[in-house]
Amino acid sequence: MLIWIALLGLILFSVTAYTAGRRKVLSAAGGRSRLLHSLPGYHGAYLALWTAAPAIILLLLVGMLGAQVEELILRGEPPAAVSALPASTQDVFYNDVVATATGGQVSQTVYDGALGDAFAAKLAQAHEIHRNLITGVLAAALLMALAGAAIAWPRLSADFAARPRVERWVAALFLACSVVAVLTTLGIVASLVWESWRFFQAVPIFDFLFGLTWDPQIAIRADQVASSGAFGAVPLFMGTFLIMMIAMTVAAPVGLFAAIYLSEYAGPSVRAVVKPLLEILAGIPTVVYGFFAALTVGPLFRGFFNDIGAQLIGGPFDSLGLYLMQVQNQMALVAGAVMGIMLIPFVSSLSDDILNAVPQSLRDGSLAMGATRSETITRVIMPAALPGVMGALMLAVSRAVGETMIVTMAAGLQARATINPLDTVTTVTVQIVTLLTGDQEFDSPKTLSAFGLGLTLFLITLMLNIIALRIVQRYREQYD
Amino acid sequence: MTLSTNPSSSLKMTAQSDDALAAGLSAAARPVPVGKVSASDVSVFYGDKQALFDVSLEMPDRMVTALIGPSGCGKSTFLRCINRMNDTIPGARVEGRIMLEGENINDRGVDPVLLRARVGMVFQKPNPFPKSIFENVAYGPRIHGFADNKAELADIVESSLKRAGLWKEVADRLQAPGTSLSGGQQQRLVIARAIAVSPEVILMDEPCSALDPIATAKIEELIDDLRSQYCIIMVTHSMAQAARVSQRTAFFHMGAVIEAGATDEIFTNPRDSRTQDYITGRFG
Ligand SMILES: Nc1ncnc2c1ncn2[C@@H]1O[C@H](COP(=O)(O)OP(=O)(O)OP(=O)(O)O)[C@@H](O)[C@H]1O
Ligand SMILES: [Mg+2]
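Those protein sequences? They're chains A and B, same order as listed.
So in our numbering, the last spot in the first sequence is 480, and the numbers never skip.
So in our numbering, the last spot in the second sequence is 284, and the numbers never skip.
Hints should not be assumed to be uniformly reliable.
In silico negatives: residues of chain A with every beta carbon more than 12 Å from chain B [said to hold, decoys possible]:
| # | residue |
| --- | --- |
| 1 | Ile-134 |
| 2 | Arg-168 |
| 3 | Trp-197 |
| 4 | Asp-215 |
| 5 | Gln-311 |
| 6 | Pro-316 |
| 7 | Val-433 |
| 8 | Arg-470 |
Covered stretches of chain B (in silico footprint by chain A; criterion: 3 or more residues with CB under 8 Å from a CB of chain A, positions within the stretch not fixed) [claimed, not checked]:
| # | stretch |
| --- | --- |
| 9 | 83-97 |
| 10 | 107-116 |
It should be emphasised that the hints constitute simulated quantities derived from the structure, not laboratory data.
Glycine residues also receive a C-beta, built at the ideal position from the N, C-alpha and C atoms.
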């Protein structure tokens with residue numbers, strides 16, 4: 001609450017600084033801004049930045065690190081009753097103190113006797129530290145704002161170069177934002193690597209990458225975990241690959257041909273309707289495709305194969321017939337086909353952009369040579385666009401590999417090393433979901449294996465994306 | 001064959017012209033040469049906007065006809081009528097008759113794809129395909145089936161490159177990409193590509209405007225060479241170029257032909273004041 005009031009005050013203060021700065025240089029120049037090195041607004045902004053920026057940085061730092069500092073001070077002089085406890089119980093104690101003070105989640109431990117006294121004392125201390133910190137920070141922020149203004153104010157004069165200095169502040173702001181973006185990504189990757197490393201201490205990396213059985217044990221009790229689980233990821237990656245191949249078999253030709261129709265044959269009026277329609281299709285949430293697969297396509301395919309099976313039974317293909325009779329609703333083919341449909345708008349929208357980037361002069365040149373449209377497409381446009389189209393397909397592949405929802409709903413959960421599209425299979429992403437949903441101890445190999453899978457998948461899609469971007473880039477350079 | 005009804009191209013003769021000699025006519029009488037391509041009352045609309053108004057023009061064989069006029073007056077539009085490239089522009093509509101060897105190319109029965117094999121086109125900016133030099137020239141012969149085997153194809157490519165004056169420069173790197181050539185070489189490459197299908201008419205839309213003076217001189221020399229075999233129709237913004245390479249000139253203004261006739265006559269003795277103003281650089 002106090003912090004917000006302080007922020008508001010700071011904003012008001014810097015707005016005042018802005019107008020004051022403007023007015024000062026304007027009057028210094030006798031009201032003629034032509035005599036100024038920089039426009040009055042730049043002088044105002046310069047003063048406002050010096051007023052607000054240091055204080056805001058201070059507030060941000062306290063917001064991020066304040067809690068840690070408070071706990072550090074709190075642990076400064078431990079009461080005897082507390083230091084007698086083992087380290088992990090001490091942690092629980094201090095957590096409870098902080099949680100009671102700030103209104104967080106408290107453990108169910110009951111503190112009585114000497115511990116009860118210590119608890120009350122520390123609680124009072126926590127409240128005091130918090131109060132002191134807040135007042136101290138607010139006072140410091142006020143001082144910094146005043147100091148900033150005091151430093152910048154005397155500099156403002158008619159020939160003071162405020163414009164490039166403000167420019168530097170703006171550049172610094174953008175830099176800070178991009179640093180935040182990069183650091184977050186790095187943080188995520190680092191945590192992935194760290195957890196995977198813990199996993200690979202329990203399960204050898206070789207067994208994980210090349211093992212043929214995936215059967216993580218279900219932990220009933222904490223001490224029972226992972227004595228006999230099998231963590232061979234090959235079946236999962238095979239399942240992922242199988243479904244991706246089926247999806248691309250559907251999406252690549254249909255998406256590409258649709259794009260060719262759109263960019264080479266369709267008139268402007270058709271384009272104006274179809275292109276936005278495709279983009280809407282691309283925006284359908286995957287879970288919708290998922291239940292479309294599970295409720296519509298699955299039973300349809302199952303009925304189809306069961307019928308064929310019924311015809312074959314008793315004939316020369318009796319065993320095949322028997323197999324087909326037993327096909328389930330859930331199979332790789334259903335998940336792959338529906339995923340392919342999901343990817344069609346993605347592929348065609350990207351390819352359409354790429355085909356449109358082929359210069360019109362090439363089309364005209366070919367048509368003027370007496371080539372038909374389809375000759376122009378196959379002999380001139382496609383060769384020119386091929387690298388870009390390959391890049392688009394690679395992006396589609398990495399989407400297919402990362403897709404979870406459709407597979408969860410339509411492909412089943414059995415980890416099987418198979419390339420039969422009628423089998424139920426499972427994929428890397430689906431396993432990660434099933435491993436991490438529900439209450440789990442977060443230090444068993446079973447749950448940690450999710451991080452191993454995640455890291456491997458991340459590396460694969462990263463590689464695909466890098467290759468795809470390289471290809472697309474090289475293609476761009478060709479015509480720019 | 002229709003003769004032009006445009007009064008501006010009526011019979012007239014001047015002694016200093018070699019135009020009539022080039023047309024193989026006696027110097028005694030100089031009627032408008034019969035056109036290899038002859039347009040009568042051609043109008044073009046882009047949507048509701050009319051870009052050409054009843055243009056009639058005779059473009060004789062074995063001559064270069066230059067189309068001149070200020071920007072936006074419809075020169076390119078007229079040129080695109082002759083190989084029906086306007087068909088590829090959505091909303092474009094062409095009216096009137098354009099006769100090529102006695103056949104109206106706007107007839108329903110005429111296939112524009114086949115027509116374009118007879119009427120080649122060279123664009124303002126060189127546009128080689130992203131293929132090798134060889135494949136660029138072989139493109140037309142391949143799609144039209146002009147060569148029965150590889151040797152024949154190679155012959156066509158070689159002779160086309162020779163006629164385009166590019167052979168010496170590229171003979172040792174036929175497999176290099178067409179885009180690796182210089183701008184002037186690329187323009188000669190696309191001329192070679194156009195003549196590889198032995199067209200009867202070659203249309204050129206400002207073929208030298210993207211080139212330096214030396215490359216321009218080479219192309220002009222080439223056009224002068226090609227004149228002996230083809231009917232060439234060329235749009236140009238350079239009066240000097242029109243005077244150097246063309247035998248006949250048509251002056252376009254606001255979508256209509258103001259004046260057309262032998263080049264030397266148009267340049268030395270224009271009958272319309274607008275032509276005179278344009279040629280002498282007073283507007284446009
Ligand atoms: N594709 C098109 N769609 C609509 N209008 C067009 C199109 N192409 C040309 N026009 C219009 O037709 C008129 C004639 O254009 P055109 O390109 O034939 O002129 P031009 O004489 O070749 O000019 P320039 O010398 O600048 O090349 C112009 O007013 C132009 O705006
Ligand atoms: Mg033009």
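Which of the numbered hints above does this structure break?
Violated: none.
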